[in-house]
Each structure stands twice: as structure tokens, then as C-alpha cells.
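J.: Okay, here's what each chain looks like letter by letter:
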Amino acid sequence: MDRRDFLKHMGGAAVATSVVLSACKNNNDESPIIAKNVVDGQGEMTYRTNPNTGDRVSLLGYGMMRLPIENGSDMRKDPNARVDQEMVNEEVDYALEHGVNYFDTAPVYTRGYSETATGIALSRHPRNSYYIATKLSNFSPTTWTLEASQAMFENSLKQLQTDYVDYLLLHSIGGSSKELSSHEMFNARFIDNGLLDWLVEQKKAGRIRNLGFSFHGDPKLFDTVMQWHDEGKYHWDFVQIQMNYVDWSFAEIDGEGVNSSYLYEELHRRGIPVVIMEPLLGGRLAKQPDYIVKQMKERELETPVARWAFRYAGTPEGILTVLSGMTYMEHLVQNVETYSPLRPITPEEDEFLMRVAEQFIKLKTVPCTACNYCMPCPYGLNIPAVFAYYNECVTQGKMPTGNREAQAFREARKRFLIGYDRNIPALRQASHCIGCNQCTDHCPQEINIPEELHRIDDYVEQLKLQ
Amino acid sequence: MLRKIRICLQVVMMTLVTLLLLGIGFRVHLWAGWVAKIQFLPALLAVTGGMVFVLILLTFIFGRIYCSVICPLGIMQDFFSWLGGKAKKNRFSYAKEKVWLRYGFLAVFIIAMIFGFAPLTTLFEPYSAYGRIVNSLFKPLYDLLNNWLAGMDAANDRYNFTEVQIWTRSVTTFVVAILTLVILAFLAWRKGRLYCNTICPVGTTLGLCSRNSLFRVRFDKDKCKSCGMCEKNCKAQAIDFKEGIVDYSRCVVCGDCLDKCKFDALHYTAKKPVKESKPVDTERRAFLVGAAVAGTTAALAQTEMKVDGGLAVIEDKKAPKRQTLITPPGSVSARHMQKHCTACQLCVSNCPNNVLRPATDLMHFMQPTMSFERGYCRPECTRCSEVCPTGAIKPISREEKTDIHVGHAVWIKENCVVLTDGVSCGNCARHCPTGAIQMIDYEGPNGTVQVPAVDENKCIGCGACENLCPARPFSAIYVEGNEMHHIS
Chain B
0 MDRRDFLKHM GGAAVATSVV LSACKNNNDE SPIIAKNVVD GQGEMTYRTN PNTGDRVSLL
60 GYGMMRLPIE NGSDMRKDPN ARVDQEMVNE EVDYALEHGV NYFDTAPVYT RGYSETATGI
120 ALSRHPRNSY YIATKLSNFS PTTWTLEASQ AMFENSLKQL QTDYVDYLLL HSIGGSSKEL
180 SSHEMFNARF IDNGLLDWLV EQKKAGRIRN LGFSFHGDPK LFDTVMQWHD EGKYHWDFVQ
240 IQMNYVDWSF AEIDGEGVNS SYLYEELHRR GIPVVIMEPL LGGRLAKQPD YIVKQMKERE
300 LETPVARWAF RYAGTPEGIL TVLSGMTYME HLVQNVETYS PLRPITPEED EFLMRVAEQF
360 IKLKTVPCTA CNYCMPCPYG LNIPAVFAYY NECVTQGKMP TGNREAQAFR EARKRFLIGY
420 DRNIPALRQA SHCIGCNQCT DHCPQEINIP EELHRIDDYV EQLKLQ
Chain Y
0 MLRKIRICLQ VVMMTLVTLL LLGIGFRVHL WAGWVAKIQF LPALLAVTGG MVFVLILLTF
60 IFGRIYCSVI CPLGIMQDFF SWLGGKAKKN RFSYAKEKVW LRYGFLAVFI IAMIFGFAPL
120 TTLFEPYSAY GRIVNSLFKP LYDLLNNWLA GMDAANDRYN FTEVQIWTRS VTTFVVAILT
180 LVILAFLAWR KGRLYCNTIC PVGTTLGLCS RNSLFRVRFD KDKCKSCGMC EKNCKAQAID
240 FKEGIVDYSR CVVCGDCLDK CKFDALHYTA KKPVKESKPV DTERRAFLVG AAVAGTTAAL
300 AQTEMKVDGG LAVIEDKKAP KRQTLITPPG SVSARHMQKH CTACQLCVSN CPNNVLRPAT
360 DLMHFMQPTM SFERGYCRPE CTRCSEVCPT GAIKPISREE KTDIHVGHAV WIKENCVVLT
420 DGVSCGNCAR HCPTGAIQMI DYEGPNGTVQ VPAVDENKCI GCGACENLCP ARPFSAIYVE
480 GNEMHHIS
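Line order of the protein sequences matches chains B and Y.
Going left to right, the first sequence walks through residues 0 to 465 as numbering that gives the first Met the number 0 numbers them.
Going left to right, the second sequence walks through residues 0 to 487 as numbering that gives the first Met the number 0 numbers them.
Looking at chain Y on its own, in the form it has when it is part of the complex (with noise of 0.2 Å):
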């Protein structure tokens, strides 16, 4: 019973999670966003007290239910220990907790998160591990099928699905993603939840509240005929069924053992148990508990015409180097997004202008940042701030954004076709939603020409004049950073 109740959950909130990242629109983000902001991490960046204090009371109630049915990364191993169980019956053992590598690695964890090192904590906070794969690896499957349906709406002359561009954001996040997938599967296909269980620093915190939870598997003694079998397919190698025991902090109530029983020998229950196996460590526990407060601490922290017809050909455009990172609007400054962000994608995934994508340097490794190769940062759009789950990107209103400078303009004369082409242009000053670019004359070698003048206190930096900037393939003007956000 548990189990099942437990694998539908599991189903539902997989394809919630899946069909979020995969940003497929039709507002999926307004009624499924809910499954993103309960996720532990991002709630606890967000500094939602609240979420958080729900879940470890659940952890303290429940177990570890949150690792089994909430966790989208969890949900996935299962999937993959289902897959080997199906090769290899009855293939756990009990393993002894690895102590040192568990609290060893979330005491660094929780270093990296206070001092702010995006490599560490994005690339093993467990939703967002997920959500890259789902960006990375399942959203260009997901883009085929859907430009395969806009196809057949347009023939059709529907509007449900249109066509979307895609690509590949960023090499290493898809390195990252394939590596975390195929690490995953293999662990979770030999050993199940042996990650979960070492390097998971979600498990590991939520084991501490799960040691002495109030509902957990229990063993009774007198109708346990040792048969072994609750142990052979304890896909956390938490039970010792010679001893008797099961630990608690690494179990993570997925009604297996229950199932696999056939002597009723062991119950799901809020019973006092009779005899506890160890006694509890309070030094220990205090310690971990003062490391979760730590843990909270660090949250707040051109062509000659010979003939007619034809098109050009368009070059594409490439992305010039920053000086500074460009972070999407309610993200505060690039500081605040390396300390929330868990670069889960969602907002990637979700960007309708293909502006944003991860990162690739080391301090903002695979975190959201913006350029102009593909769309700009239209003044309508406020979807990243309305998907983010972390608060990395604070949600933001059409009409706040247009007060927030993320960056500004910077004209390079060398690329400007009224320059080199010596054509008139203004293209960048047409476009310029805030009117902060104006034409001015200027003596160019051939006489006098008309050059965009960007009003800095004017710029919000959203990139719509290097985006539509005829030259190619760097733009003559293009938008540098701005290290914290401007508010007007």
C-alpha cells in the first residue's frame, strides 16, 4: 500500500516537474510553478522560512517521504534501481553508514554555500541536477516534437504550438547533465539510493530529522522469520535484518521492504518502539542542527542586385566577450544570483526570446546569464521572475522592469555599418524601448554621418539594439553588465 501510493505520487510529481523544465508553455509555470518552489534548496534560498519549516516537520513526522516523492532527482534513481532490480533480483545488503564522506561532504557544502561557490553547490543541489538534464537532454527532444506539431497546426492554419529554435545553450552544462545522468543511472542501477545516501546534501540534512521521525519501519520481532528479503531489496542498504534494525536516516520510505515481507514482519507506524537499537547522540545532533542554521544564514547572504528575387545570406551573430555578466532583471546583481541560484533552468527553459543561458565560468558555473545572439529581453516578458523557484530572480512586474538597468550599451564604431558600409542605419536608436539611443552627426572619413548616442542613465541594458544591430557577426553596439542592477 505504501508503495503504491508512494510510486503514484512519484508519477505525478515527475511529470509536473518534467513538463516545467521543459518550458513548454501553454502557462504550465502558473499552475505546476508550486512543484519547483517546494524543492528544499530553492526554498531555503528563497528564504521561504516557511516551505522549509514544512518539509523538515514533514521529515520529522514522515521520514524521508520528501526524498521519495518530492525530489525529482530521487524519483529518477528509482527509476533506474527499478530498471537493475529487473536484471538482478534481490541484490542489496546492508551497508554500514559511510559517516565521514555524508557530513564530511555537507559541512563543505554548506562552506561553498556561505562563501557563495557556484561550481559546488549547483552542481550537486539534487532538483537542479535534474532540471539541467531535463534542459539539456530532454527539452531539444521535446523542441523537435514540438516544431513537428507547429508544423501540422500551421498546415492546418492552428495556432496550439509554434515553431521554437533549437540549441544547444551552453557545451558544458550539456557536459555536466550527460555526466550527471549516465553517473546516476549506474549508481542507482548497481546500488540504488547510494547517493542519495553519501554525497546528497539534502539527504544528509534531511537524515538528521528522519533519525527519530515519528512514522517509520519498524520491525516486529516475533513474526520476523529472517528471511532476509526486506534487506535484499532495501534500495538504501538501511537494514540490518539480522540485528534487527533499520537506519532511519538513510531510509527513505519507499514501502519496498514492507511489500517484500510475507510474514507482516514489518509495519509503517508512529508506535513507541519498545527498544530503540542506539541511543540517540545528542552532541552529534546539535551539531547538525547548528549547521542547518548555517545552512539558512548563508540563503540570506552585403550583396550588388544583378538580378531580381533572392535572399541574402544572414550570417549568425556572436556573442562579444563581457567584462561583466549580465543577469536577468529582479536578479539584484550577479553577487546575489551566485549565492541563490541552484542553476536548476528552469528559467533557461522557459525564456521565450532565447536570451537566457548557463553560465560557463567557474564562479557562476552553469547559473543563467543573458546575450543577444538569438532575441532580447523583450519589455513584455517577465517569465524568469515569475519561474524561479530559488528567488535568485525576485519576481518582478512589466512595470518594474523597465526601471531596472541590468546593464548598458556600449557602441563599437569599428562594427557600424554607417561606417563600414556607409549606409544610414538606426536601427538600434528605432528599437530602443526606453529611448535611450539617439542619432547624432558625426564626421566619419566620408562626410558627415548619423551615429547612435546611448544615454547611459536611460540604457536598462535589455539588449533589443545588439540584437537587431545589422552588423555581423558582432554587433557595433552591445550591452556590458552591470555589476548590480540599477533601480530608477
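The following block holds chain B by itself, in its conformation from the complex (with noise of 0.2 Å):
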């Protein structure tokens, strides 16, 4: 496609310089780069300023998915398990403190617990030092009426005790099932009820500050509301869309997905505020194999993996923030520091990047980024942790290799298992995988989910045999 691939390169270099790309094609034959002491977090916080109504918003942004959990457990797999609001609120104190004013969250999230958990945490702050964004969610087509997403949109408000919200997205817009294409399924879900009227009502009475969408899947669309944009059928005061060194360039495999090159572009040039979310593509970004982490090192010893992939999200112009669901403390802290101030990717670390992101692809891991919009399975499952275990092993080198009678391949073999037994109760592991494909419909990622389980079945399967 003539035009992404113009645009990428375009988008690759959108530091506010533009320096063209294949200025520094050729750094490859330059001496080697000696690792540096970059010390970062000496600043304030980074701002961008929202076009619409001059919001001055942080470029982090609390991403309110991956809440801690009470007693360390997991919420997904522990079905007793509750938001540890103690955490929350010193998390969320810290923040505001640090200057993050913005916080995302669902009516979906964590279990249904994320928008209380999140009002519970900022009601204790002044109105005016933050921003909320929640969404109007998708899920189950009961929620699809137009009584039901007025309910929806005022329990948003009650559970965040507030009269407004800043930011309020159509929840993941571009998604299709086996009945429904992409457009069938944005008019069932927020057009033929009346729904986005009645949001531009809410908004023109004062209760909706910002109104915009969340978007995975299907470009076209993107393309359909981006043409309402440019006639006036509809404003779009701000677009979140998935934005990271791997998919900039390389989530458009075979023709399916889209590159957040194009996204971006394409909203950029219309001068519509970009949300980024999946920066570090559900923590996968922070996990690199060691050859990758090594490159990264050698180039800043004390850099952390997970920062490089932050730099490259807020770098580019028109970004208004980028959430980041930060479950400890450490990751908020660490997150804070990469953005006081924002140290702009240069077009040579760029090239970096989409080297490491080529590299990344080939890892052949499985595109989870463990947001759980699959969960809870039907036959109970733990989709999210089957691929986050076997994308670890593949990642982390774990996996058994070479000569199958040699004494490593029979301990990795070993480890391999036990670890998947481990990680993942017999009974939620892929062997239970029916296909029955309820849970495919759900994936923002479009990963065929029970194909993916198929071959790592498989797999487990084929070792467990030797």
C-alpha cells in the first residue's frame, strides 16, 4: 500500500524537527555506540495542550485496567480476589502530586471494579486538579439499547462521584463478529439507537467535556468516521488509538490490522488530540529477550527496557497522552521519571527502534496484551494466561531446543511443563479449548484466539510425548 508506506516513514519521523529518515540511513557503518548515563526525571512533567477546550494534560496517563490487587493475588485467577483501594488511593495521591492529571478508565474494567475503585481515589482530591475519561463499553449486546447506555453513562458518574467527565470514548469501535461486520456493529451498538445523539446532547449540556472513541480493528471503519469528521457529521474531540515501536510499522501482517502509522497520520493531519494506549503492548515491550535488552543497554546502561517504549509514544507531535496501567508503584514512579520532562526520540534512536521492532516480530509471540476483554471463558479458560506463560518462555529463551535426547532439551522440557502446570491450573490450560470462538469477537488485538490455544496445545502436547 502506496500510501502507509509513504506515511510511515512520514510518522516515523514526526519528532517536531522532522528530520528525514534516510539522513541517517547508513549509522550502521559507524563505529559502535558506547553505553551512556542517561539520568531522566530532573524535570517537571511533560504537558500537552488539548486544542478543544486548552486542557493541560500530562503526557502520562493513568491507565485505571490493571488495578493492584488485595494480598498481591491475581484477579484473574483468583475469582475472591478485590481491588486493593489502599494501594489505589496512594498510587492515584502520588500521581496528582507528580503531576499525571489524567485517568482512564471503563464501566468494564476489572471486573466492573475499576470505576469505583477510581472515584473512591480521586473524590478525595479537588474536581479540578484531574481529568476522568470512561468509556460507553460494548460487550454484551443487552447493554445495546439506549435506556441501557443512559444507565451505563449515569452509574459512570455515580460510581466516579462526579457530574461530568472530561473524556468519554465509544469503547472500542472497529471490532466485528461472525454475524456482524465492523459497521454493522458500530450502527447496531451507537448510531441506530440514537446513542451518539444523545452523547452530543450530554456534551452541549455540559456533561461530557470531550467526546471521541477508542479504536481496534477494521480501517475502514476508522476511514467511515474519520469522512464524519471532515463533513461535520460528527466532531471527534480526540481519538485513543494503539501506539507502540512494533505496531507503528508491523501490525499490518498480510493484509489484516493496521499499522498506528496510518492511525496517527490520519488523525494528525485533521489536528485531532491522540490518546495512546497499549504503549508497551500489554508489558510485552518491557520483556524483551536478552539479545534485545543488551542493544538497549549498550546504548544506556541505565535506561529501563520499558522507557524506550514510552519515549517513542509521547514523542511524536499531537500526542495528548499516554496511558500506562500501572499496576505498582515502581512502574508509576519509573513512568513519572521518563516523562519529567519527555526526552524526545531523535530519527537515529527511531531507526533503533524499528530495528528492535523487527527483531521483536520474529519472536512469533502471541499478540496478547492481557487486557482480559476475553475473560472470564465460558468453559473456564485462562486465555490471557496460557499466552502470557508460552510468550514469556519464547521471549525469555525457555523454550526446549536442539538435539531432543541432550540433557538441556530434557531439563527445558522439564521446566517448560512444570512451569505451565504451575502458572496455569490443569483445568484452565488450552487442552480445554473448545473452540466454540465466543471469545474471538472480544479480542481488541483480532488474535484468533482459539487457534493460538490449538497450537500451543499442540505443542504442550507433542512434549509432553518425548
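In short, the hints are calculated from the structure, not lab data.
Positions of the beta carbon are idealized from the N, C-alpha and C atoms, including for glycine.
A hint or two may mislead.
Claimed, not checked - If the Cβ cut is set under 10 Å, some of the chain Y residues that face chain B in the computed set are:
{"id": "1", "residue": "D258"}
{"id": "2", "residue": "R377"}
{"id": "3", "residue": "C424"}
Could you use the hints to bring the two separately framed chains together as a complex?
T.: This is the structure we're talking about:
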């Protein structure tokens, strides 16, 4: 696709100075880079201004999807686990104190507790000291009527203990199912029932300050709603997209998926502020294989691996905020450092990250970001945990390889199989996937979940037989 | 000296047998498996004639040392008897041999064996009785320890211990094990080796051989001061010091009397006796040899998505009612199992997939049977056939296993999620190791769906389909046992 290829190169140089990338294409021939010591976090948080409302939004946005759970347990594994409100309060306090002022939640997050927890933590601070983003989620068709949607919105306000939302998103448009195309699903959810028009009214009434959408999936729908914007049918105050140094040029595989370079450029040329999600691909860009970690550390000895991804996501012009689902205080502290202030990615570093991305996609991991939209699986599987375990073994080089009779192979095999049982109870492993396909429609990454699970199950079975 | 050697051997043997029966893994069955295979009745049933011959020869030479240092149930009773001795010293006195009970019961036992009446044979086989105690009572405790160690391992990224499921495989067997332990502990506490010398069929059989053993405990009349300490400390109640006689059919050569005698009047020697206490009853001997031969003959014989995250609750599977019991590959048939198995639970303890458990029906009482609620008979595993000491489960290779059809899968339409939940499935077909299941178009109430069809010729009854079927609590496909395993 010519336009995309062109934009890929243009977008890659989206630093304010817009240095043309080809100028530094030959840096491979230069002498090797010696590791530097770089210290971040010595100044103030970087802010971006929303052209619609003049909001000064912190470049780091707090994603409230991966909240800490009581007793350090994992909500995905323990059905009785509850959100650790004390920890949430502490983290929100720290974030506000260090200039973070954008908090992104949704009615469906963290088994429905995210809005409540966010509301409790934020209501302890003046309402004008932060911006709240929440969504109209679209999971169960029973919530698709106008009345149910209005109730969902009113409940969000109640849970968040406020009478207005700063940023309201149509949740995850662009998805499709076996029955409905992306356009049909979008129309059924937001248009035919008059919901979008109602939201526009709410915006006029001041109950919504910015109206936008988050996007995953079919670029044709994206083009349609952009056209509406151009025609003045609906005005998008902001749009939330998935962007990181892998998805920039490698999200589109065999005509499926869409590169974030395309989405970004379409939004940027219209002057629509962009909110970034999945800057770390659900943490996967923080867990790189040793050889990639080495390349990063050879450049900057003490820079955390994740920081490269955050710097990358925050660099382009027009990015309003970069969301990070920070479970632990250490993640928050590190991310605050990264953006206080932002050290933009240089064109040369951009080249480097593209080379990293090329190596990363060769790993053949499952592109799961552990968003848990697929859960709960009606047949009891823990889908994200299976993918996470598999991905970890792939990226950490823990897969048994080489001669099957060799001691090293047998040892790695034993570790892989025991580790599998330790991480996922037998009844929730891939072997129990019946391929009912109920999960696939929910996956924003458009992973063919049953196919991947069956592939992993076959692999495990082969290992067991050896 | 004799006593000390005996105790040392007892500790070694008890440790090995218990480790083996606990099924602790670590390839214990490879280096300690022999301790189960030298047990008398298992060896007899396994038709390892050589081993039975060695044991009998051993008894003809040394007396019933088998009962002292090989039989784990005997060693266990010695332990309780020793505890009883701590409470009350010098508590034994000579008791007459209960001839009718002893030999009468042996006869009943042999008849039960010939006819394969499992409840009787399994209940009174001493090694197996101990096996059940270990499996039912000690294994859960060991498993708790194991899981604690596994937790430590997991926390430290080590891979020595892996977590296991702790579950009662059969309540009946559990109760039998508790009763066995309580009754034997009580008897041993009060009356020493009473059980071994009245009920135990192995004890009675070996008693016949030991009556005239080469080595035996002999009185030196000249030195004896008739203090009676030997009799008071004989846990077999086999010494009559006044008459100066020892009932060699009941003496288990423990050596306690030798230690207790302050006058060096007792010796364990092979010296020809000067005077025998009783003339040999040749007729009786003939009968008993016949009985032993008879024994050998017997031996030949869904949730709606409203919010993200969370886990669906998984209902436990329940075992279906099977018309025919499934017995593990290598056991030939339920009938072969019935005749050869002494229900020692060694295979049950060692089954890594939680498939084997003791049967509860009378004719296969406590003998292993298969069910697939917790796992299935994995194609790469032949553990039960490796550990079985009696030949009830004959040794098989992995390759042979894939040709043994222990049962056949049956589809239960009413439970199949394809019809009940209206989803596509095929998990049974996907996991069948022999490719015996195909998904076939079927006219359901809501249009054409794909349901499993079993090729009976290919199905080996491993239970993968039953175990991995999403229908709960009862699977939509289950294995029905084959009366006799088919070999392809």
C-alpha cells in the first residue's frame, strides 16, 4: 500500500524537527555506540494542550485497567480477589502530586470495579485537579439499547462521584463478529439507537467535555468515522489508538490489522488530539529477550527497557497523553521519571527502535496484551495466562530446543511443563479450549484465540509425548 | 546381635517399602521396586516361581525371618508391640497354637484365591494391607509436605517438587485402612504377633516351612535357670520355658529372647537337636504341602460477558456409572485382575495422572480401576505396569500400550455442548491419541452441527475424550470398559 508506506516513513520522523530518516540510514557503518549514563526525571512533567478545551494534559495518563489486587493476588486467577483500594489511593495520590492529571477507566474494567475504585481515590482531591476519561462499553448486546446505555453512563458518573466526564469514549469501535461486520456492529451499538446523538446533547449540556472513541480493528470503519468528521456530521474531540514502536509499521500482517503510523497520520493531519494506549503492548515491550535488552543497555546503561517504549509513544506531535496501566508503585515512579520531562526519541534512535521491532516480530509470540476482554471464558480457561506463559518462554529463550536426547533439552522440557502447570491450573489450560469462538469477537488485537490455543496445546502435547 | 541385625534390616526395608508405596516419584520405583516384588503373595501371584522358591528355601533354612524383616505389616506390628512393651514390661506368656483357626482360615483363603474372591484375598494379604494404610493414611500427609516443598520450589524457581492433587480415592478403602491399622495396632500392643500367627495366610504358610528350619532358637537345658524372661518377652507367645520348647511355626526369629536371657541359655544355631519336643506329623505336612501347591495353581489362574476479566467457575466432574470396570493396560481383563491383584495400592499411589483408584464393588474390592474425572491414561505412561509386584498388571511398553483397547468411548447425546450450548466443539476429536474420533455432520434441533463419531476399532479407552469433554459434571463422551482387553 503506497500511501501507508509513505506515511510510515513520514510518521517515523514525527519529531518536531521532522528530520528525514533517510539522512541517517547509514549509521550501521559508524563506530559502535558506547553506553551512556542518562538520568531522567530531573525536571517537570511534560504537558500537552488539548486544542478543543485548552486542557493541559500530562503526557503520562493513568490507565485504571490493571489495578493492584488485595494481598498481591491476581484477579484473573482468584475469583474472590478484590481491588486493593488503599494501594490505589496511594498511587493516585503520588500520580497527582507528580503532575499526572489524566485518569482513564471504563465500566467493564477489572471485573467492573475500576470506576468505583477510581472514583473513591479521585474524589479525595479537588475535581478541577484532574481529568476523567471513561467509556461506553459494548460487550454484552443486552447493554446496546439507548436506555441501557444511558443507565451505563449515569452509573459511571455515580461510581466516579462526579457530575461530568472530561473525556468520554465510544469503547473499542472497529470490532466485528461472525454475524456482524464492523460497520453493522458499530451502527447497532452507537448509531441506530440514537446513542451518539444523545451523547452529543450531553456534551452540549456540559456533562461531557470531550467526545471521542477508542479504536481497534477494521480500518474501513476508521475511515468512515473520519469522513464524518470531515463532513461535519460528528466532531471527534479526541481519538484513542494503539501505538508503540512495533505496531507503528508491523501491526499490518498479510493485509490484516492496521499500522499505527496510518492511524496517527490520519488523526494528526486533521488536528485531532491522539491518546495512546498499549504503548508497551500489555507489558510485552518491557519483557524483551536478552539480545534486545543488550542492544538497549549498550546505548543507555541505566535506562529501563520499558522507557524506550514510553519515550517513543510520547514523542510525536499531537499526542495528548500516553496511557499506562500501572499496577505497581514502581511502574508509576519510573513512568513519571520518563516524562519529567520527555526526552524525545531522536531520528537515529527511531531507526534503532525500528530494528528492535523487526527482531521482536520474529519471536512469533501471541500478540496478547492481557486486556482480559476475552474473559471469563465460559469453559473455564485462563486465556491471557496461557498466552503470557507461552510468550514469556519464547521471549526468555526458555523453549526446549536442539537435540531431543540432549540433557539441555530434557531439562528445558521439564521446566516448561512444570512451569505450565504452576502458572495455570490444569483445568484452565489450553487443552480445554473447545473452539467455540465466543472469545474472538472480544479481542481488540484480533487474535484468533482458539487457533493459538490449539497451537500451544499441540506443542505441549508433543513435549509431553517425548 | 540377632535382634540388632533384625532391627537394622527392618528400618531399611520399611523405609524402602513406604517410599515406594507413597508414590513419591524421583524414580523410586526403579531402584526400590524390588521390595514389592519379593513379597510372598505378590510373588506367588506373579508366578515368579523363582522368588517363591527362594522365600520358602529361606524359611526352611532360617525360619520365619520373612515375617520379621520383609513383611511391612509384620514390621509395623513389631513397632506397636515395642510401644506396648514400653507401657508394660514382661507381659507375654506362652499360648497354645490355635490350630483350627490358623489352618481353617488358610484353607478358606486358598479357596477364595482359587475362585478369585477378591474381598477376602485382598483384605488379608499382609503387604497389601500395609499398602492401603500408606496410600490412604500416609500419602495425604506426604502430599501435603510435597506441596509445601513444591511451593518453596516455585518461589525459588526450582523444579524438584511439583504440586499434586490430594484426594481420597475411595472412602471404603480409606475406612478399611483405618480399621486395619487400629485393629492391628491394638492387637500388637496387647498380644504381639497374634495376627501373624493366627490369621495371616502368609504367616501360616511359612510357619509350615519353619517348623523344621535348619537354624532355630534352641534351649541349652544346662544353662537355663527357668527365670521365664524368654517366655515373658516372646511376642509370638511361642516359648514355653517350663517345658523348654519353642513353637517354631510361630517363632519369627526376632531375637528378643536371646537378648533377654541373662544366662546364655538360648542360641540361634543350626546344631542338630539332641531331643525334639514333638514328633513330626508327616500326614499333616503332606496336607500342607498340597495346600501350598493349590495356592500356586490359584495363582496361575456458561457465563454472559458484561465485564472483562474474571474466571468462570468450573464444576467438578462426576464419574459416570460404567457397566464394566476399566482396568489398566497390561491387566488383560477384569477377571485376570481379580485373580492376581492383592490391592496393595502401589499402582494407585504411583499413577501420575490421578486415573487409578480402588474399586468399591465386592468382586473387585479395592483392586485398581480407572476413571477419568481428574486426568486420563496418558499414552507415554506405563508406570502402573512397571510397579505392579503381582503381575496383575503385566509389564508393557509404550508401543504395546497403544495397541491395548481397555475400553471404548460412548457418546451421550444429551450432554454434548454442541447440542446443549449450541457451540461448536470437537475437543474429544482433537485430543484422541489414536484418531478414533471424527466430527460428523448431524441434524440437530437448530440445524446441522458437528458431533463426535467413534471408530470402535481405533478407540483404546484411554479417557482423553472423557476427561477433556467440556460437559460437566457428566461428560458427553465416556469410556465403557472391555470385559477383556482387545489387542490390535
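J.: Now look at each hint and say whether the structure bears it out.
T.: Structure-based check of each hint:
1. D258: 50 Å, violated
2. R377: At about 7 Å, which falls below the 10 Å cut-off, the nearest Cβ of chain B leaves the hint on R377 of chain Y intact, so it holds.
3. C424: 4 Å, holds
The structure fails to meet hint 1 from the earlier list, while all remaining hints are met.
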